[in-house]
Amino acid sequence: MSWTCLLAFAGHSALDPAGPQAARIGGLWWLMFWVCSGVFLLVMAALAVGLVREEVPQRRRVSRVVAGAVVATALILFVFLFASTGTGRALASLSSGAALAPLSIEVTGHQWWWEVQYLDPVLAQRVTTANEIHVPVGRRVRIRTVSHDVIHSFWVPNLHGKHDLIPGYDGELWLQADRPGVYRGQCAEFCGHQHAHMAFLVIAESPARFAGWLDSQRQSASPPATPLAQRGHDLFVQLQCALCHTVQGTDANGRIGPDLTHLASRRTLAAGTLPNTPGHLAGWIVDSQTIKPGNPMPATSLGSNDLEALLAFLDGLK
Amino acid sequence: MRRLATGLCALALAFAALACEREERRFQTLPAKSARAQPVRLTTLQPGQSLPARSGHGPYDENAWAIAEGERLFNQYNCVGCHFHGGGGIGPPLMDAKWIYGSDPQNIYDTIVEGRPNGMPSYGGHVPDDQIWKLEAYVRTMSGLAPKAAEPDRSDQMEARRSEQATSPAAPRGQKAEHPQ
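Sequence lines, in order, name chains R and P.
According to our numbering, the stretch in the first sequence is residues -15 to 302, in order.
According to our numbering, the stretch in the second sequence is residues 5 to 185, in order.
Source of the hints: derived by calculation from the structure; they are not laboratory data.
Mixed in with the good hints there might be a few duds.
[What the hints assert, rightly or not] Here are the simulated distance ranges between beta carbons:
id, chain 1, residue 1, chain 2, residue 2, range
1, R, Ser21, P, Cys13, 32 to 42 Å
2, P, Gly92, R, Leu198, 39 to 49 Å
3, P, Thr48, R, Gly263, 33 to 43 Å
4, P, Asn79, R, Leu65, 50 to 60 Å
5, P, Asn79, R, Glu292, 25 to 35 Å
6, P, Asp100, R, Gly263, 46 to 56 Å
7, R, Ser204, P, Ile94, 29 to 39 Å
8, P, Gly148, R, Gly72, 52 to 62 Å
[Claimed, not checked] Residues on chain P that point at chain R, a partial pick, calculated with CB under 8 Å:
id, residue
9, Gln32
10, Phe78
11, Tyr81
12, Asp134
13, Gln135
Each residue gets a CB set at the ideal place from its N, CA and C atoms; glycine is no exception.
All chains, full assembly: derive it from the sequences and hints.
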């Protein structure tokens, strides 16, 4: 269910490259495809020839086999040389040049969600969000990858190849989106129960829109607009929510779960598992274990009035 | 010979049954409030004839995964801030045999829910009931009260630390790391 609704609006294919690195990888894929197709056709042709032609005398047969083997080996070596040169050039271009990128993002893999932090020399200017990476179109973005629990793998097929997040070892990559769009990413290294529900979105937008988004994310949460939302705010900081979640501008500053300061501006919930609608959010708050068994968010026993207030508060976190 | 084989089979089945309890991962949580049947006694002194001692049982005392979860929560909810990793500091140590307010699962649960004078805050209503029972199960392992068979060999959560030899692309050799871990 969640898959289909996400795929409806997010690209997720290595054969539809949207950036220079995915184009390299896509080119390599097609090179491999044509080489293998050529080999397949040659083998089939040799088989066909062997089936239909007349028998050759014993002496000539041996010398032909030797000559054929020598020619085939030489040919295969040339093909391999060609393919390995292409691979090497593609890999080299993928891993160099991150230092040139003007924008740095730190992506931390958690079981089972992604923490995204836009780095800035001024600490107060840093932006923390989750499961959604906004990037400006046509600009290089440097991504630092961190993991504090197990090995995850950062993979946006339309933009880049797989990149492992290894605990205790900070990795680095860069990517660039050449056309606006929403590209789906996915953890590509088995990391526990909910590995399959550990997705994220890369949203490429024009530099002006990106700057606007970054600016809005830097703001603290707007104060609750209605009495209902105010009661939701009070519940949020008094009950268990605030132990794990942060909402900038309130007393909630837990660091265990995702930062919820601008929750309502995100497109998905629970790392790409559900679309972000009030109904899904309510289901998630009340019983997240049925939706994503094993995730660290505990069930809550809120009454319907309290739940409504909490949803009103969370809906105001634009 | 046959009797021995039958015995071994029965033993294996018994171990398998025990292992199920140990390894089961209950993601669906307990009913909202566990009703308390009897008061918890902090003292052995009682008027008249003493009532039979109540042997309370935590729901997670024999579950390795829940104990590992308890350890994660013990760190994340900052129990370590006062109790450290069992050695005590601001709060009393938890790895010794001395229990000011009782070592029964229900006693430890009450300590966490209600708080205790001179420092222990009350977490009832803030931390979900289910997680308090997991914390209780973990706290009892520190002083060896949990069944040996249930104690996990290692934490379910791996603590990542930068290896001493590691250099990252962000901090090449000879340069200081921008954000040392």
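Verification of the hints:
no.: 1; hint: R:Ser21 with P:Cys13: 32 to 42 Å; verdict: 57 Å, violated
no.: 2; hint: P:Gly92 with R:Leu198: 39 to 49 Å; verdict: 46 Å, holds
no.: 3; hint: P:Thr48 with R:Gly263: 33 to 43 Å; verdict: 54 Å, violated
no.: 4; hint: P:Asn79 with R:Leu65: 50 to 60 Å; verdict: 53 Å, holds
no.: 5; hint: P:Asn79 with R:Glu292: 25 to 35 Å; verdict: 34 Å, holds
no.: 6; hint: P:Asp100 with R:Gly263: 46 to 56 Å; verdict: 51 Å, holds
no.: 7; hint: R:Ser204 with P:Ile94: 29 to 39 Å; verdict: 32 Å, holds
no.: 8; hint: P:Gly148 with R:Gly72: 52 to 62 Å; verdict: 57 Å, holds
no.: 9; hint: Gln32; verdict: 6 Å, holds
no.: 10; hint: Phe78; verdict: 13 Å, violated
no.: 11; hint: Tyr81; verdict: 6 Å, holds
no.: 12; hint: Asp134; verdict: 6 Å, holds
no.: 13; hint: Gln135; verdict: 6 Å, holds
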